[in-house]
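Spelled out, the chains give:
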Amino acid sequence: MQKIGVFVCHCGTNIAATVDVKAVAEALGREPSVVVSQDYTYMCSESGQNLIKDSIRDYGLTGVVICSCSPRMHENTFRKAAAQAGLNPYMVEIANIREQCSWIHKDKAEATEKAIILGRAAIAKVQLNTPLIAGESSVTKRALVIGGGIAGIQTALDIAEAGFPVDIVEQKPTIGGKMAQLDKTFPTLDCSACILTPKMVECAQNENIRILSYSEVESVSGFVGNFTVKIRRKARYVDETKCTGCGLCTEKCPVKKVPNEFNLGMDNRRAIYIPFAQAVPKIAVIDADYCNMLKNGKCGVCSKVCTAGAVDYKQTDTFVEEKYGAIVAATGYEISDVSRYDEYAYSQSKDVITSLEFERLTNAAGPTGGTLLRPSDGKHPHTIVFIQCVGSRCTPEKGKPYCSKICCMYTAKHAMLTREKYPDTDVYVFYIDVRTPGKNFDEFYRRAVEEFGVHYIKGAVGKVAPRADGTLEVQASDLIMNEQLHISADLVVLAAAIEPSKSARSLATLLTASMDTNDFFTEAHPKLRPVESPTAGVFLSGMCQGPKDIPETVSQASACAAKVIGLLSKNKLTGNPCVAHSDELMCNGCSNCANVCPYGAITYSDKEFRMPDRTTKTRRVAWVNPAVCQGCGACTVACPSGAMDLSGFSNSQIMAEVDAICK
Amino acid sequence: MNDLKDRVLRMSGSAVVKCMRCGKCSATCPSYDEMEYHPHEFVYIVERGDVEKLLSSESLYKCLTCFACVERCPRGVEPAKVVEAVRLVAERQQGGNRLKPDEIPALCDPDLPGQAIATAFRKYAK
Amino acid sequence: MQVKEATGFVPTIVAFCCNWCSYAGADLSGTNRLSYPANVKIIRVPCSCRVNPIFFLRAFQRGADGVILCGCHPGDCHYTTGNYYTRRRMTLLFSMLDYLGIERNRTRVEWVSAAEGQKFAETMRSFAEEIAALGPNRRLADLRCRKDAEEAGITDERGSGDAV
Amino acid sequence: MRYDEIFAAMLKRAKELLADGTVNRVIGWKRGEFSYDVTPAVFETPEELDAGFVYDAFCGANVSKYLIRESEKPGRILCFLKPCDSFSFNQLLTEHRIRRENVYAVGIPCEGMADVKRIRAAGIDGITGIREEGERFIVSTLYGEESMDRREALAERCLCCKSKRHPVFDELIGDEGEDAPDDARFAEVARLETMTAEERFDFWRGELSRCIRCNACRNVCPACTCENCVFDNPASGISQKAAADSFEESMYHIIRAFHVAGRCTDCGECSRVCPENIPLHLLNRKFIKDIDELYGAYRAGDKADARNPLVNFTEGDAEARIVHERGKA
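Protein chains in written order, with the working numbering: chain A, 1 to 663; chain B, 1 to 126; chain C, 1 to 164; chain D, 1 to 329.
Treat the hints with care, since some could be wrong.
Said to hold, decoys possible - For the chain B half of the interface with chain A, some residues (derived, Cβ under 8 Å), not all of them:
{"#": "1", "residue": "10"}
{"#": "2", "residue": "20"}
{"#": "3", "residue": "23"}
{"#": "4", "residue": "33"}
{"#": "5", "residue": "90"}
{"#": "6", "residue": "93"}
{"#": "7", "residue": "94"}
{"#": "8", "residue": "97"}
{"#": "9", "residue": "98"}
{"#": "10", "residue": "100"}
{"#": "11", "residue": "106"}
{"#": "12", "residue": "108"}
{"#": "13", "residue": "119"}
{"#": "14", "residue": "121"}
{"#": "15", "residue": "122"}
{"#": "16", "residue": "125"}
What the hints assert, rightly or not - When the alpha-carbon atoms are kept at most 20 Å apart in a straight line, the in silico DMTMM-like pairs for lysine to aspartate or glutamate are as follows:
{"#": "17", "chain 1": "C", "residue 1": "119", "chain 2": "D", "residue 2": "72"}
{"#": "18", "chain 1": "A", "residue 1": "617", "chain 2": "D", "residue 2": "319"}
{"#": "19", "chain 1": "A", "residue 1": "257", "chain 2": "A", "residue 2": "287"}
{"#": "20", "chain 1": "A", "residue 1": "398", "chain 2": "B", "residue 2": "71"}
{"#": "21", "chain 1": "B", "residue 1": "18", "chain 2": "A", "residue 2": "287"}
Everything labelled a hint here was simulated from the structure, so no lab data went into it.
Predicted, not measured: the structure shown is a model, and the values here were computed from it.
Built from N, CA and C at the ideal position, the CB exists for glycine as well.
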C-alpha cells in the first residue's frame, strides 16, 4: 500500500486565481492511499520544497503527486527534492494544472473540476510507480575515429589534446583524405598541403594518437562508453615497424603502369608505392593486384633493394580488437560518377575532367607539375568552361537531390587562379545559382568576376561535343541574353556532385547509426545535436553528415571532439531509468521489437528455462540494454505478447491514468 | 484558377513547379534558334499561367519533339511534353489544325520519306 | 468552456501527447492562454509510438467519447522514427474500428510540434466539437464502466439487456 | 494430383525418411471421432503411420503451429505442408518460433480442402468419408454415397486460394504450383466497406455477439503463438476469461486481429474452427487489404526475411486521416 502525499501549488495567482486550490487539495486528500494533501503558494520555492521534504519524512511517504506547472518545467526540481528527503525520485508525478488547466480555462468551477481529475490521474499513476534506479556503466577512456581526412584528423587531435587516447582508422595507406589532393583552399588561397600536412605530422607525433592506416572496421559491439571494435589491418606486405619510407623500392619496382589514384589516374605509380611525398605514415605498400611477386612469385626486386628488410610478401590481414568509449564517424565523401551524363562527354574526351582532377592538374605535386595542360595533348588550354551542378540538385533518378555546397566556391577559385596564372585564357562558368554564404565567400566570387574577368553565365550546358580538331563544342544557354551559345573550348571542368563514401552505409549498419536516403549519417537532432548520431556514443564529423567545406568541417570536427571529450571525461554514465525491459517468461523471441528499435538496444540470446514439469527448455528471448535504450516505447507496442514494457510509462500506469480520467 | 494552365498541366503530366531555371532544356535544344519561345520559357510561362501567349506562337511548330530536353532535365520537368500539350490545346481549337489534308500533296517530295508526312500530319492536326 | 449540447452532454476526451512535441505544444497553448475545452484531458507519453491500440480501446471502454493522439510531425520525432510506426498502427486501427462500424471521427491522430500552441488549441477545440456532435460513445463502451449509462440513456445496442 | 495419389506419395516418403534416419517423427493427420474430424498427429514408426495416418479433402488443418513445440524436441520431424501451411511455417521461421534445423518440410500440392459445414448445408449427413472423381466429390455417408460439385464443397478460403506455391520446403511432392493470388478473397471485405457505418456495426454486432470465448480461434491460429497471451495475463490490463459484455467481444477480436496484423497469412483456420461460424477471417483480411492498399502488396510468410509492415515504415506513408476521408467524397 502506497502512502501518497499530494501538494497543490498556487503558483502565486497563476493557478489559484482560476483553480480553487483548497478544494483540489481537499478532494484529492480523499483519494485512496493519500495520507496528506496540502496547498502552498509556491511549491518550487525553497520553503515549498521543504514542505514536500518534511512531509516525506513525517508521513513516510512512498509517493508524491505535485499539482503544479508543467513537468517540463519543474519535474527535475521536485525529483531532486524527493531524493534529498530519501524518496526515490521516480516516485514523483506531476499533475499539470497550470499550462493545461488554470491558464486555459476561465470558469473556476470547471477548472477546479479538471484539476481534480488531473490530480486523480497522477495519483492513479503514482500508485503503480516503482522506485527506479538509473543504471550506471563505466566509460572506456579511448576514442575511435573512423576516417583520416581533415575531419578525422581534427577530431582526433582535439581529443588527444584533452588527454584521451584516440585511434584513427583509415582505409587508405595514408591519412590526409581529400584535402591532401587539393591545391589551394578558398577563400584565402592558402596552399592546402601547407596547412594540412603539419596536422598530419602532429597526428603521427602525438602520443595519444595511434594511426591504423590501410585498415577497416570489421565489427562493432557494445554500447556508449563500452564499444568493442574489431579492426582489419589489411596486408601491406611491408613491415610497418621496419620501413623507413626511403622510397627506394618505389623507384626500383619494375611494374610502372599502375594508375595513380592520388592523381586520379592521370599518371602512373609503381606496384609498390607511397601515395604521396608527405604521406603519414610514410610507409610503402604493395598493390597486390599488380605486384608480380604476389601474382606469380616472380620478381622480388623491392625486397632486394630494401635495406631495412621491411618487405614481407607473406604478410596477411591481421585483426586488432580494442575497447572504446566513443566512436566518431568521419568517413568523408567521394566524387559521384559523372560518366552517366552522356551529354558532358566525360568518358569520350580526356579533356572533360572533374574539378578534383583539375585540382591535381594545377598542383605542383600533380601529374603536370602544376602547369595547367590538357590531359589529351599536353597543350595549354585557351578556353576553359566550368559547368556547375553536375549531378547535384537533380531528381533522385537523375542524380543527387541536394546541393553539394562546395562547388560554387571551388569553381570561383579555379576560375580565378586560372585567370591569374594564364591571363590569356578565357574562362566561362555556367551556373544555375551562385551560392556563396560564408565569411568572405561572396567577396571572393565577386573578385573572380570583377578583378579576374571570369565570364559567369547564368544557364546550363546542354551538350559537350568533342570535335575532330581536338576542341570541345559546348552548347549552352545564356538565360539572361536568352541565347543559345556555342563555345569552342579546350577544357571542360565538371563540378561533380559529391556523395558520401561508399563504405559509409555498411559502417552505419555496424554502428546501428541511422542514415538518410542519400546515405549521409543522420544527426541526433538537426539543430540542437548536429554532431551526434541518434545512437548514443556515436558522433559525426565532417562530410559524412552532409556537404560542407573545410572551415565548416573543421568546426564540426572540433565540436564533435568536444562532445567526445565530454563523454570520456565521465567516470560513470548514468542512464535514463525510464527504459524498456522485457519479461523473459513472456517473450516469444519474434524480433518485432528489435525491428522497430531505432537504437539497436535489443539483442537476443538463447536462454534456458525451467518448465513447470521440471524439464528445461531453451528459448530465444530479447534483452534490452538499458544503457542504449532511450525509452521511446516503440517496442512495447510492437511486442504482441506484452512482454515488453517501459519503466515510468508502463502499460498499467498509462491505463490507470486513462481509467482515472474516464471515470 | 487558370483553366488553360490546368489543361496543359493535366495533358502534359508535367510538374512545372519543379523547374529550377537552369536552362539546360534550352541549352540542349536543336531548334533553339528557330524558336521565339524556348523550352525553358515554355515551362516558365505555363507556370505563370500565360498560356495564351504561347498559343499563337510559331514556336509550337518548331519543336521537333526530339525529347532531348526531357532526357537532360535534371529536375524531371519534361519541357517537350509541356510544348506538346500547348500545341494540342492550340490544334484542338476550332480550325486549329496546323496542317490540312489538301496541303499535303504540295509537300510531297520524292526525297522526303512518306513516314515524315504521316507523322507531321498526326502531329499538326486533330 | 466545455462543449455542451442542448442535451447537456459533455463528452470525455482523452488526448495522448508525446513528451517532446505535442505535450510541449499543449504547454505553449497554456502559456499563450489559448483556451480549449476543459473536457480534454492530456496523458503524457514519451513518444506517440508508446501508445498501444489497447489504450484507445481501454479509454473507450471506460467511458471516453473521443480519443486523440498527438505526436511530433513525421520526420521530427525525438526518437527519429517513432511516429512513423505510430502512423501505420493508428491508421490500421482506425480503419479497423471504422470497419466494425464504430464512428470513425471518435479517433484522430494529429501532429503538433512544440511551437504549435495555436494548432494544439484549435485541434482540441475542433475535436471536442466533433465528439459533442457525435453524442455519447455507445458502440465501443463497456456499460458496466459507465455510471451515467442510464441517465445518459445509453443501452446496450445488442438489446440483449444482459449488461450489468 | 489426386488426394489418394498425394497420400500414397506422402506415406512412401514418410517411411523412407524414417528408415534412413533423416527424421524420427512425422506430423500428419489422423482420423478423429468422425471421418471429417481430422486432427494433426505425430507418428513415430511405419506401423503407426499405417494405422493412423490419413490424408484426404478433410485434412485442412494447418500443422505449422504444432511445429513450434515439436521442433523443440530431440530429433527431426517430418511435416507435410500444403502451400498455405507453408506460408504460416515460413512466417513462424521469420519470427524465430520454429527451429528450422529440426524440421524436414515436404511441400505437397493442394487443390483445395472440403468444408464439412458446406457439405452438411447441402443436406448431406452421416458423413463417413470423402474422395474425388474428376470435378466432383463423392461423399460416403451412412446412407450411401452422395456426389457434389467440387466447388460447392470447397472451403471459402480454397475458393479464393492465395497461392499454390510453397515459399519454403526441403522437397516437393508433385510439381510446384502457380503463385497467382486470387483477389476475390477481398470481395467480402470490400462489400462490407461499402456499407454504412450503421450497417457494418449491425453486421459485426450480429456476428461477434455470438462469440462464446472458447478461444478456438486463438488456439488454432498459427500467428497466435505467444508464450503467454495478453488475454491470459492479468498484468496486461485486458485479461479476460469470458466475453461478459459486448465491449469485451469487440475488444477481444480487435486486439487479436491487431496482434496478428502483418503476420497473418490468411490461412483461414480461425473461421474454420469457430463453433459459432463467425467469419473471423474477414477481420484479418481487412488488415491485409488495408496493408496492401496503403503500404504496398505484402504477404506474410512469402519471404523469410521480409519485414512485417507494422514494424516498418516509409516517410511518405498515408496519414491516419485517410480513414476519416475515405468514402467522404
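Do the hints match the structure? See the list:
The interface hint given for residue 10 (chain B) is broken, as the beta carbon of that residue sits about 21 Å from the closest beta carbon of chain A, more than 8 Å. Annotation: interface hint on residue 20 (chain B) holds; nearest CB of chain A at approximately 6 Å, less than 8 Å. Because the beta carbon of residue 23 (chain B) sits about 4 Å from the nearest beta carbon in chain A, less than 8 Å, this interface hint is met. The restraint placing residue 33 (chain B) at the interface with chain A holds, with a minimum CB-CB distance near 7 Å, inside the 8 Å limit.
This hint is violated: residue 90 (chain B) has a C-beta 22 Å from the nearest C-beta of chain A, more than the 8 Å allowed. Interface hint status for residue 93 (chain B): violated, as the beta-carbon distance to the closest one in chain A is roughly 28 Å, over 8 Å. Residue-level restraint check for residue 94 (chain B) is violated (minimum Cβ-Cβ distance to chain A is 33 Å; threshold 8 Å). Of the supplied interface hints, the one on residue 97 (chain B) is violated, with its beta-carbon coming no nearer than about 30 Å to a beta-carbon of chain A, more than 8 Å.
For the restraint placing residue 98 (chain B) at the interface with chain A, the shortest Cβ-Cβ distance is roughly 25 Å, beyond the 8 Å limit, so the hint is violated. Hint status for residue 100 (chain B): violated, given a least beta-carbon distance of 32 Å to chain A, over 8 Å. Because the closest C-beta pair between residue 106 (chain B) and chain A is about 32 Å apart, greater than 8 Å, the hint is violated. Look at residue 108 (chain B): its Cβ only gets to about 33 Å from chain A, farther than 8 Å, so that hint breaks.
With its C-beta approaching chain A no nearer than about 24 Å, residue 119 (chain B) sits outside the 8 Å limit, and its interface hint is violated. A cut of 8 Å between beta carbons decides the hint on residue 121 (chain B): the least distance to chain A is about 29 Å, and the hint is violated. Interface hint at residue 122 (chain B): violated, since its Cβ lies 27 Å from the closest Cβ of chain A, which is beyond the 8 Å cut-off. The restraint placing residue 125 (chain B) at the interface with chain A is violated, with a minimum CB-CB distance near 30 Å, outside the 8 Å limit.
With a CA separation close to 55 Å, the supplied pair residue 119 (chain C) and residue 72 (chain D) exceeds the 20 Å bound. As the CA atoms of residue 617 (chain A) and residue 319 (chain D) are separated by approximately 44 Å, the hinted pair breaks the 20 Å bound. For the suggested pair residue 257 (chain A) and residue 287 (chain A), the alpha carbons sit about 12 Å apart, so the restraint of at most 20 Å is met. The hinted pair formed by residue 398 (chain A) and residue 71 (chain B) meets the criterion: a straight-line CA distance of about 9 Å does not exceed 20 Å.
Between residue 18 (chain B) and residue 287 (chain A), the direct Cα distance comes to roughly 47 Å. Violation of the 20 Å bound is thereby established for this hinted pair.
Of the numbered hints stated above, those contradicted by the structure are hints 1, 5, 6, 7, 8, 9, 10, 11, 12, 13, 14, 15, 16, 17, 18 and 21, listed in ascending order.
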